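Q: Below are the chains, spelled out letter by letter.
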Amino acid sequence: MAAVEHVALERGLAAKGIARDCGELLGYASDASFLTLGVPNLIVFPKDEAECVEIVDLAVKHGVTLVPRATGSSTAGQAVAPPGAVLVDMERVGACDARGHRQGLFVPSVVDASGHAVELKAAKADDELYVRVGAGRTSDETNRALRPFRWSVAVTPSSGYSTFGGNFATNARGSGTPEYGPFGETVNRLRLVASSKAGARPLEITARTEIRRLAGHHGLCGLVTELDVRIAPILQADEMLCAVLAIESEDPERLGATIGRLMKRVASSCRYYAGEFLFVDDAIVRPDDPIRADPVLGSYFAVRPGVRKMVLLYRGRREAMAALPGIATDVPEVSYREVSYAQFQAMMRVRTAATGKSVARVNVPGCEDFLLREPERFGTVLAAMFAVLAGAEGRPVGHHYPDGIVVHYRPQARIDRDAIEKAWSLNLRLRDAVLRPEFSVEDRVEHGLGLALFRDSPPERQKELRALKAEYDPANVFCPHLLDPEAKGRFVGSSFRL
Amino acid sequence: MTEAVVIPVGVSEPSAAPDAALRTLAQEGCIQCNKCTFACPVHRVDVLFSPRKVILQAYLGGGDDVTERDLWACLTCGECQAVCPTQVPYPAFIREKREKLRDVMDRAAPCKHGGFKDLVAEIMAKPNLMQDRRQWIGDGLKVADTGDTIYFTGCMPYLDGIFSYCDSAEIGRAAIRIMNAAGIVPVVSNLERCCGHDALWNGKRETFETLAKRNAKWIVDSGAKRLVTACAECYYMLKHEYPKVIGPWPLEVLHMSELIGELVKDGRLTFAKPVPLLVTYQDPCRLGRHAKEYDAPREVLQAIPGLTFVEMDRVRENSMCCGVGAYSNCDAQTKFMQQERLEEAASKADHMVTACPHCRIHFSCYLDGKPVDPLPPLKIVDLTVLAAQALG
Numbered sequence: 001m002a003a004v005e006h007v008a009l010e011r012g013l014a015a016k017g018i019a020r021d022c023g024e025l026l027g028y029a030s031d032a033s034f035l036t037l038g039v040p041n042l043i044v045f046p047k048d049e050a051e052c053v054e055i056v057d058l059a060v061k062h063g064v065t066l067v068p069r070a071t072g073s074s075t076a077g078q079a080v081a082p083p084g085a086v087l088v089d090m091e092r093v094g095a096c097d098a099r100g101h102r103q104g105l106f107v108p109s110v111v112d113a114s115g116h117a118v119e120l121k122a123a124k125a126d127d128e129l130y131v132r133v134g135a136g137r138t139s140d141e142t143n144r145a146l147r148p149f150r151w152s153v154a155v156t157p158s159s160g161y162s163t164f165g166g167n168f169a170t171n172a173r174g175s176g177t178p179e180y181g182p183f184g185e186t187v188n189r190l191r192l193v194a195s196s197k198a199g200a201r202p203l204e205i206t207a208r209t210e211i212r213r214l215a216g217h218h219g220l221c222g223l224v225t226e227l228d229v230r231i232a233p234i235l236q237a238d239e240m241l242c243a244v245l246a247i248e249s250e251d252p253e254r255l256g257a258t259i260g261r262l263m264k265r266v267a268s269s270c271r272y273y274a275g276e277f278l279f280v281d282d283a284i285v286r287p288d289d290p291i292r293a294d295p296v297l298g299s300y301f302a303v304r305p306g307v308r309k310m311v312l313l314y315r316g317r318r319e320a321m322a323a324l325p326g327i328a329t330d331v332p333e334v335s336y337r338e339v340s341y342a343q344f345q346a347m348m349r350v351r352t353a354a355t356g357k358s359v360a361r362v363n364v365p366g367c368e369d370f371l372l373r374e375p376e377r378f379g380t381v382l383a384a385m386f387a388v389l390a391g392a393e394g395r396p397v398g399h400h401y402p403d404g405i406v407v408h409y410r411p412q413a414r415i416d417r418d419a420i421e422k423a424w425s426l427n428l429r430l431r432d433a434v435l436r437p438e439f440s441v442e443d444r445v446e447h448g449l450g451l452a453l454f455r456d457s458p459p460e461r462q463k464e465l466r467a468l469k470a471e472y473d474p475a476n477v478f479c480p481h482l483l484d485p486e487a488k489g490r491f492v493g494s495s496f497r498l
Numbered sequence: 499m500t501e502a503v504v505i506p507v508g509v510s511e512p513s514a515a516p517d518a519a520l521r522t523l524a525q526e527g528c529i530q531c532n533k534c535t536f537a538c539p540v541h542r543v544d545v546l547f548s549p550r551k552v553i554l555q556a557y558l559g560g561g562d563d564v565t566e567r568d569l570w571a572c573l574t575c576g577e578c579q580a581v582c583p584t585q586v587p588y589p590a591f592i593r594e595k596r597e598k599l600r601d602v603m604d605r606a607a608p609c610k611h612g613g614f615k616d617l618v619a620e621i622m623a624k625p626n627l628m629q630d631r632r633q634w635i636g637d638g639l640k641v642a643d644t645g646d647t648i649y650f651t652g653c654m655p656y657l658d659g660i661f662s663y664c665d666s667a668e669i670g671r672a673a674i675r676i677m678n679a680a681g682i683v684p685v686v687s688n689l690e691r692c693c694g695h696d697a698l699w700n701g702k703r704e705t706f707e708t709l710a711k712r713n714a715k716w717i718v719d720s721g722a723k724r725l726v727t728a729c730a731e732c733y734y735m736l737k738h739e740y741p742k743v744i745g746p747w748p749l750e751v752l753h754m755s756e757l758i759g760e761l762v763k764d765g766r767l768t769f770a771k772p773v774p775l776l777v778t779y780q781d782p783c784r785l786g787r788h789a790k791e792y793d794a795p796r797e798v799l800q801a802i803p804g805l806t807f808v809e810m811d812r813v814r815e816n817s818m819c820c821g822v823g824a825y826s827n828c829d830a831q832t833k834f835m836q837q838e839r840l841e842e843a844a845s846k847a848d849h850m851v852t853a854c855p856h857c858r859i860h861f862s863c864y865l866d867g868k869p870v871d872p873l874p875p876l877k878i879v880d881l882t883v884l885a886a887q888a889l890g
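Chain order of the listed sequences is A and B. Per this note's numbering, the first sequence runs over residues 1 to 498. Per this note's numbering, the second sequence runs over residues 499 to 890.
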C-alpha cells in the first residue's frame with residue numbers, strides 16, 4: 001500500500017482530532033499470540049462511535065485495512081496487523097469522559113428487553129435486564145458498578161479486563177455460560193460501524209438471530225461500538241450451592257470416562273452457573289501455600305505418586321442443583337463435598353493459577369482450546385493428552401458447559417530459546433495426537449478460534465463467513481487478510497520460530 | 499511513517515546480550531496480554547503511553563528503545579505488575595532503564611519543584627553533614643539520643659519550607675505523641691539521612707547506595723531493636739531495598755500503622771476520644787502494592803472510636819496512585835488522575851486518609867491549586883495525625 005494513502009488517512013484523523021500514533025510502532029507488532037509479528041502503519045484510538053465512523057469513512061476513502069484490537073487481544077493472532085494495515089484500539093470506545101480520558105468508574109445505564117431505562121434499585125430478581133455499555137467497557141469494571149445493587153454481568157469471561165466488544169468478537173464463554181450461553185447469546189442490541197462502498201455505515205441491530213450470526217465475527221464485519229448486555233442477580237450465600245467433587249485414578253482413560261459420564265448427567269439434570277475442573281498434582285501449589293493446611297480443602301492437594309487427581313467445582317442456585325448430590329453418590333469413585341463460597345473461590349484461585357499464570361513462566365500459545373461435545377469420549381481424549389504431556393510443564397484445566405467439556409492446555413516455559421522451542425514442539429505433538437484426529441475446527445473455542453477459524457475451516461464455513469463479510473463490509477476494509485488465501489502462509493501464525 | 503513489514507518471530511530476536519532491564523523483563527516473561535496497559539493510570543489519560551508497547555519495543559529493538567517520554571512518564575506505581583498474569587516487574591524495568599539512560603536523557607523537564615528533592619538527596623549523601631533534625635518537635639514531646647526504638651522521620655522536617663499547604667511536621671509530632679502515650683521515647687537522630695527513595699527510583703543508584711550505607715551505619719551502631727517511620731516510601735526502602743545493599747537488618751522495621759496496631763492490641767495505647775469523621779483510605783503505592791501492607795492502616799482506622807470508615811471502589815492492589823512518583827512526572831495528566839481519584843474519594847467520604855506524607859502533599863497540592871472540575875469538600879489527612887487525635 002502506498003504510503004501516500006496512509007499520510008492522507010493520518011491527516012484526515014488529525015483534522016478530526018482523533019488520537020493516533022504513527023511514530024515507532026514496533027511495540028504494537030504482536031498480540032498475545034506472540035506467533036507472528038506485523039508492524040502496523042498507524043494505530044488509532046477512537047473514543048466513541050462518532051470517531052469510529054470517521055475512521056471507517058477515511059479507511060474506505062483511502063482503501064486502508066483496519067484491524068480492531070481491544071484489551072485481551074487474542075492468543076490466536078487475529079489482532080496482529082498485516083502489511084499496510086491500521087490497528088484500531090477499541091478499549092476507549094464508549095468508556096471515556098468528555099475530555100477523552102478513559103474513566104475506570106462509571107454509572108451504568110440499565111434497560112429492559114425493549115430498551116427502556118430501568119431503575120436498578122427497584123428491579124426484581126427475575127427481571128430480564130441489560131446493561132447498556134460502550135464496546136470498550138469490561139466486565140470487571142461493569143461488575144464493580146453493579147455490585148452495590150447485587151447484580152452482575154450474566155456471562156463473565158475469565159479475563160475480566162477483556163472488553164465487551166472483544167467478548168462479542170470472539171463469542172467468549174465464562175461464568176454464567178452454563179445458564180445463559182456464550183456471550184453472544186446475552187446481547188440484546190448492538191451498534192456496529194459497518195462499511196458501504198461509500199464509507200461508514202452505522203447500524204443498530206436488535207434482531208437476536210442477526211446478533212447471534214455476528215457473534216464471533218473476529219473483527220471481520222466492522223467496529224462494535226455499543227451493546228446491551230444481559231445482567232443477572234448475584235446469588236446470595238443462602239441460595240447458593242458450591243460443591244467440590246474429586247476423583248483419582250492411575251488410569252486417565254478410566255478417570256475421564258467416569259467423569260465424562262457424570263458430567264453428562266449433571267448437564268441434563270442441573271442448571272449450574274459455573275462448572276470448572278482442574279487436575280491436581282503435587283506441584284500445583286507451593287509447599288507453604290496455606291490452602292494445604294486448610295482443614296477442608298487441604299486434602300485435595302495430597303496426591304499419591306503415579307495417580308491423576310481431578311477436581312470438579314460446581315456453583316449454582318441450590319434448587320437448580322438439587323440433583324447433584326444424588327448423581328455424585330451414584331458414582332462410588334467420586335467424593336462429594338459442599339463448601340462455602342469463600343472455599344469455592346479459594347479453589348478457583350488454584351484453578352486460575354493452574355492455567356499457567358505462574359511467576360517467571362510464560363504460556364506458550366498456539367494450541368487451541370477445544371470443546372468436547374460428547375463427554376463419554378473424555379477418557380479417550382484425556383489418555384491421549386496425558387500420553388503426550390508426560391514430563392511437560394503446565395496442566396490441563398477446563399470448563400464443563402451444558403454443550404460439552406472445554407479443555408484448555410498451554411505448555412509453560414521460561415523465555416529462552418530451548419524452553420520455548422521444546423514447549424512449542426509439544427504443542428505440535430498435541431495437535432497431531434489429539435486435536436487433528438479427535439476434533440474439527442468447529443470444536444475449537446475462544447482463544448484458539450481466531451486464526452484457526454479462517455485457516456482451517458471447511459469450505460461451507462468459509463462461504464458463510466464470506467457472505468457475512470460481504471453483507472456488512474462490502475468495502476472490504478475490516479481484516480480482509482483473514483479470508484485471503486494468499487495471506488495464509490506469510491501471516492496467519494501457522495508457524496512459530498524463535 | 500514506517501514502511502509496513504512483517505517480522506516472523508526469530509528474525510528480530512532479542513539481542514544476544516540484553517541489558518539488565520531487558521533481562522528482567524525477558525526472564526519474567528511478558529505474554530503481551532495488555533493487562534498492564536489497561537490498568538495503567540497514565541495510559542487512561544495518555545493513550546500513547548503503554549507499558550505493553552514499551553516491553554515489546556524493548557524486546558524487539560534490543561533494549562535501548564525507550565523514549566524519554568516513556569522513561570519518565572511511568573509513575574512506578576506498580577498497578578501494571580499487580581494485574582500482570584506473569585508478574586512482570588515493570589517498575590523495576592523502568593528503574594533499571596532510568597539508571598542506564600539517565601545521563602543521556604534529559605530529566606530537567608520532569609523533575610519538579612526545581613529539583614528540590616534531588617538536591618536534598620545529593621546534599622545528604624555528602625560526608626560530615628551537620629543537621630538539626632529536632633527543631634520541629636516542639637515542647638512537651640519526649641525524644642532520646644539512645645533507646646530501643648528509632649523514629650525515622652524521613653524528609654518530613656525539610657518539606658514544610660516548600661509545600662506550604664501541608665504541615666508535614668505535624669505528622670512527626672503526632673508520631674512522637676503516640677509513642678510517648680505508649681511509654682516509648684523514640685530516638686530522633688541528627689545522623690539520619692534521606693532514605694534515598696527518589697534517588698533510586700529516578701535512576702541515581704550510586705546516590706541511593708551511599709545514603710543507604712550512611713543510614714545503616716548509625717542505625718546499626720545505635721543498638722536499637724526497632725525502627726519506625728510514618729512514611730510509606732521510607733518504610734518500603736528501609737524494609738525492602740536496604741537489605742539488598744547492606745544485608746539483613748539486625749532490627750525490625752515498622753510502619754507507624756503497624757506499630758499503632760500492635761500497641762492497641764497489647765493494651766499499651768488506648769483511643770479514648772471519639773473522632774466523628776467519615777473517612778476513606780488511600781493505599782499508598784509503596785506501602786500497598788510494593789510492600790504489601792494493606793491491613794495495618796485499616797485496622798488503625800477501625801480502632802478509632804466514632805470514626806466511620808468507607809472503602810473506595812478501587813482499593814488495595816487496585817488502588818489508584820496519587821499521580822506523582824518520586825517527584826517526577828507531575829503534569830496536566832497528573833491533574834486529571836488526581837481529579838478522578840479525589841472524585842472517587844469524595845463520593846464516599848469527606849476525609850481521605852493516607853499513610854504516606856507524599857500522597858498527602860500531592861493531593862493537597864492539587865486541592866490547593868485549581869482543580870480541573872469542581873470537587874465536593876474533601877480533606878486529606880495523614881493516618882498518624884488522625885490516630886493522635888483519638889488519644890484525647
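Please note: incorrect hints may appear among the correct ones.
Beyond 12 Å from chain B on every Cβ pair, some chain A residues (computed) [claimed, not checked]:
(1) E24
(2) L26
(3) A198
(4) V285
(5) E438
A short, non-exhaustive set of chain A residues, derived as facing chain B with CB atoms under 10 Å [to be verified]:
(6) A19
(7) D31
(8) F45
(9) D48
(10) R292
Calculated directly from the structure, the hints in this document are not laboratory data. Nothing here was measured: the structure is a model prediction, and the numbers come from that model. Glycine included, C-beta positions come from ideal geometry on N, C-alpha and C.
Q: If a hint holds in the structure, say so; if it doesn't, say that too.
A: These are the hints, each one checked on the structure:
1. Against the 12 Å criterion, E24 of chain A falls within the reach of chain B, whose nearest CB is about 7 Å from its own CB.
2. Annotated as non-interface, L26 of chain A brings its C-beta within 12 Å of a C-beta of chain B; the closest such distance is 5 Å.
3. With a least beta-carbon separation of about 26 Å from chain B, A198 of chain A lies farther than 12 Å from that chain, consistent with its non-interface assignment.
4. Distance check for V285 of chain A against chain B: the nearest CB is about 16 Å away, which clears 12 Å, and the non-interface claim stands.
5. Distance to chain B confirms E438 of chain A as a non-interface residue, since its nearest Cβ pair spans about 27 Å, more than 12 Å.
6. Proximity of A19 of chain A to chain B holds as hinted, the smallest CB-CB distance being about 5 Å (cut-off 10 Å).
7. For D31 of chain A, the suggested interface contact is upheld, since its CB lies about 6 Å from the closest CB of chain B, less than 10 Å.
8. Among the interface hints, the one on F45 of chain A holds; its C-beta lies about 4 Å from the nearest C-beta in chain B, closer than the 10 Å criterion.
9. Of the supplied interface hints, the one on D48 of chain A is violated, with its beta-carbon coming no nearer than about 13 Å to a beta-carbon of chain B, more than 10 Å.
10. The beta carbon of R292 of chain A is not positioned within 10 Å of any beta carbon in chain B (closest approach about 21 Å), and the interface hint is therefore violated.
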